[in-house]
Amino acid sequence: MNEAALTAASRRTAGKTRSAKKIIAPLLLYPLLLLTALVCLGPFLWLLSTALKTGDNVYAFPPQFIPNPITFDNFIEVFNIMPLWHYIGNTVYMTALGVGLNLLFCTITAYPLARISFPGRNFLFYTIVSTMILPNAAGMIVNFILINKFGLYNTMLGVVLPSAISVFNIFLLRQAFITIPNDMEHSARVDGAGEFRIFLVIMLPMIRPAVATVLIFDFMAFWNSLIWPVIVFDDQNKYPLGPALQYLNGTLAYNFPYIAAGTIISILPIIVIFLILQKQFINGMVGAVKG
Amino acid sequence: MAASKEMRRRYRFAYLLLTPGVILLLVFTFYPIIYGLPLAFTNYSAVDTTKWVGLKNFDKAFHDPDFWISLKNSLLYVIVVPVIQLISILMAIMVNNKLRFVNFFRVAYFVPVVTSMVAAAIAWKWVFEEQGILNYFLQTLGIISNPISFMAEPELALYGVMCVTVWKGLGYYMMIYLAGLQSIPSELQEAAKIDGAGWLQVVWRITIPLLMPFVLLCSLMSVMGAIRVFDEIFVMHGPKGDPVSSTLVTSVYTYKLAFQDFNFGYSAAVGLVVSLLIMIFTILLFRYTRKGGLSYYE
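Going line by line, the protein sequences match chains A and B.
Sequence positions in the first sequence follow our numbering and run 226 to 516.
Sequence positions in the second sequence follow our numbering and run 13 to 310.
Keep in mind the hints are simulated off the structure, nothing from the lab.
It is possible that some hints are incorrect.
What the hints assert, rightly or not - Taking lysine-lysine and the DSSO-like style, the derived pairs with C-alpha atoms no more than 27 Å apart in a straight line are:
| hint | chain 1 | residue 1 | chain 2 | residue 2 |
| --- | --- | --- | --- | --- |
| 1 | B | LYS110 | A | LYS504 |
| 2 | B | LYS84 | B | LYS72 |
| 3 | B | LYS63 | A | LYS374 |
Unchecked claim - Residues on chain B that point at chain A, a partial pick, calculated with CB under 8 Å:
| hint | residue |
| --- | --- |
| 4 | LEU30 |
| 5 | ALA58 |
| 6 | ILE134 |
| 7 | TRP138 |
| 8 | GLN143 |
Given the structure is predicted, the values throughout are model-derived calculations rather than measurements.
Every residue gets a Cβ at the ideal spot worked out from N, C-alpha and C, and that includes glycine.
My request is simple: use the sequences and hints to build the entire structure.
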C-alpha cells in the first residue's frame, strides 16, 4: 500500500513537471527552430531578395532585406542575355536520360542477384559491392579516356553512360527484392506466368518505395551535376544548368542580380519536386541509410 | 529432370538480365579501378609518348609545393566533421519533439541538401561579399569596423568554403540522426526521467551513447566527403584554389592536373595518395569505434 501511494505521488509530480515542460520547452524551442531555419534558408532568401531588386538597390548599404520596389526585370532579362530555356532543356534531357537508364540497368541487375540463385551469384554480388570500398583514384581520368575512345566526347551519352549504373542503387534495390515473400512468386508461377512477366508485373510493383527512393536520388544527382558535364562537353551550348550558371558566374560577375535570378530559376524545379515528394524523400533517405 | 530444365531456364533468364549491367560495371567501374593504378606510374599526358616512369610521379609530388598545400588543406578540411555532427545531432534532438509545425522545420532544414552546390555556392558568395549580409551583421554588432572581403582573404577563404560545406550537410545528417533517435526505445528515456535525471543528463547519458552507431556512420561519410570536397571550392574559387592556392585541396588539384594541364599520369598519382589517405582514415575510424561506440550494440 505504501509503495503504491509512493508511485502514485511520484507519478503526480512527474505529471506536473511534464505539463510545466509542455509550456516552457516550446518557448525555448521555437526561437531556436526559427533561427536554425533562417540560417538554412537565409542564403537563398538573400539571393531571392537580390534577384527582385532594381540595379541601384542591389549594392545599397545597409542592405535592403525586402526589396523596394520589387521588380521581376532580372528574371526576364536573364532569359535575354543567356539561352536559359535551352540550358533547362539540356538539363531535362540529361536528367531524363540518366534517371531512365540508371533505373533500367539497376533494377535488371538487382533482380537476379536477389531472387534467382544461379551459380556464381554470391561471388558476383560481393565483387560488385566491394567496389564501393575500393579507392577509385583515377576513375574520372580513365572514364574520360574511355569516353574519348568510344567517340562519345561532347555527347550527352558520354555524360550519362558512366553513371548509368550505380553500385549503391543495385544494393538498395536488391535489399528490397529480397524482402518480397516467396508465396507471391510461387502463386504467379502456378498461374503460368513467365519469368519476365513475374519480374515486371509482380515483383517490380512490389518494391515501389525503393524504386521511388532511387528515382529521387538519381534525379537530384543528375539535375545538380556539375563537373563531369564540364569535362565531357567541349561545346558550351550543350551544358546543363549547373555548368552554365558557373560559366555565367564567371563572365557576368559585374551583374549579380542576373546571376541571382538565373540561380533561383535553376533551383526551382528541384525545390518543387522536393516539396511534392518530401515524405518519400525523407523516408527514402532514412531507409537507404538503415539498409 | 524436368526441374533441372526449369532451373536452367531460370539461370538463363538471370544471365540475360545481368549482362547489360555487368558490361557497364566492367567498363566504367572495374576497369577504371584496375587501370587507374598503373596509370599513376606512367607519364601519360597530352604531349609525351606514354612511358613507364616508376615512382617518378610520387617523387615529383614530394617536391611539389602545390601538392603539399593541397594535402594540408584537405587534412585541415576534416575539422568540418565534428562541427557538422555536433550541430546536426542538436538539430535532430530539436525536431524529434512532438511540436506543431515541426514538419515544416524538418523540410526547411533539408532544402540546402537538395539544391545544387553551384546554386548554394553562388548564394554564399553573395553573403560573403563586401556589401554582403555577413559584413553588415558583423558591423552592426560592432565585431568589426571595416568590411572584410571574406572570399579574397587567403587566411579566411578556406573557412568560408567550410561554412558552405557545413551548411549544406546539416540537413542530411540531421535526418539520419532523427531516424536514429526514433529507433531508440522511449522507455529508456522515460525511466531515466522518472528516476530524476535532467534533460541534459538524459541526452548525455542515454541518447548520445545509443546514437553512437549513427555517429560512426555519419562521421565516416563526412570524413570521406571532407577529403573529397570539390564542388564548393571549384565554384567559389576556381580550379587553382584562389586566392594564392589558399583553398587548393587535393581533389581540385587532381582535376587541374588532369583536365587543365592534361598531365594524366601525375594526376592519377596524386589521386592515389588521396585514396590511400581516405582508406587510412576509414580503417582508423573503424578501429577506434570498434572499441568505443559499436560495442553498445554487440
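Tested hints:
no. : hint                  : verdict
1   : LYS110(B) x LYS504(A) : 17 Å, holds
2   : LYS84(B) x LYS72(B)   : 17 Å, holds
3   : LYS63(B) x LYS374(A)  : 20 Å, holds
4   : LEU30                 : 5 Å, holds
5   : ALA58                 : 12 Å, violated
6   : ILE134                : 5 Å, holds
7   : TRP138                : 6 Å, holds
8   : GLN143                : 5 Å, holds
Against the hints set out earlier in the document, a violation occurs for number 5 only.
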